[in-house]
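Engineer: All chains, please: the whole structure from these sequences, using the hints.
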Amino acid sequence: MSVHLLISAGRGPQECAWALARLLSRLEADATRHALTTRRVQTAPGDRPDTYRSVLVRICGARAEAFAASWTGTLCWQAPSPYRTSTGRKNWYVIARSCQVDTPTTTFTEADVDIVACRTGGPGGQHRNKASTAVRATHRRSGVVVVVDTERQFVLNRRIAIQLLRQRIEHGDEEARRALTTGRWRIHDELVRGNPTRIERPKPS
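180 is the number that the numbering used here gives to position 190 of the sequence shown; each next residue is one higher, with no gaps.
Hints in this document: simulated from the structure, not taken from any laboratory.
There may be inaccurate statements among the hints.
Derived DEER-like restraints, expressed as beta-carbon distance ranges [what the hints assert, rightly or not]:
1) Glu100 - Ile189: 38 to 46 Å
2) Arg191 - Val135: 52 to 60 Å
3) Asp102 - Thr27: 56 to 64 Å
4) Gln153 - Arg1: 40 to 48 Å
5) Gln153 - Pro3: 48 to 56 Å
6) Ser122 - Thr95: 28 to 36 Å
This one's a predicted model, so the numbers in the text were calculated from it and none came from an experiment.
Glycine included, every Cβ here is placed at the ideal spot set by N, Cα and C.
Structural biologist: Below, the structure is given as structure tokens:
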């Protein structure tokens, strides 16, 4: 089993990117103790060395889902700022959310298409009305349906219908991928400071 966790410093100050790097190291160490493996799939570095604005982590193992849930929500790194000694603030927040990273691609084959000859009304002459030259094509796996009657020959309408189905299914897959990406970007704006689900601190020296 594997789970993807997106950890983001949101629009917080540079200390939040610093806190994210520390929380990430703590998460990875915790995963190792639970016999889980982690991999940094995607990282967005911060302005300073050894900091991150966001990291996408893949967690693999028998209890990956439960482990990810324990690290989900608002996370707090509690320590003085390493950049501004004058500030009294010690709580730096990041957001962690499980997310889907890809969508299944619809495999298109003509064997999955039901073709039915039909008649349609409208302009085009008597031949179109008397002969079943129009085509109703249904892609069974996705439920997408197209009706084509632009040509007077059934075989030509069938060819156009297959092309239209393929295009619509590819477009639908692309829309799903865009929606997934948009959903991940929204996570960056979900950070709520305060009331953290988990608080971590530096280990005593």
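Engineer: None of the hints should be skipped; say for each whether it holds.
Structural biologist: Quick rundown of the hints versus the structure:
no. : hint                        : verdict
1   : Glu100 - Ile189: 38 to 46 Å : violated (58 Å)
2   : Arg191 - Val135: 52 to 60 Å : holds (59 Å)
3   : Asp102 - Thr27: 56 to 64 Å  : violated (37 Å)
4   : Gln153 - Arg1: 40 to 48 Å   : holds (45 Å)
5   : Gln153 - Pro3: 48 to 56 Å   : holds (53 Å)
6   : Ser122 - Thr95: 28 to 36 Å  : holds (34 Å)
Hint compliance for this structure: hints 1, 3 are broken, all remaining hints hold.
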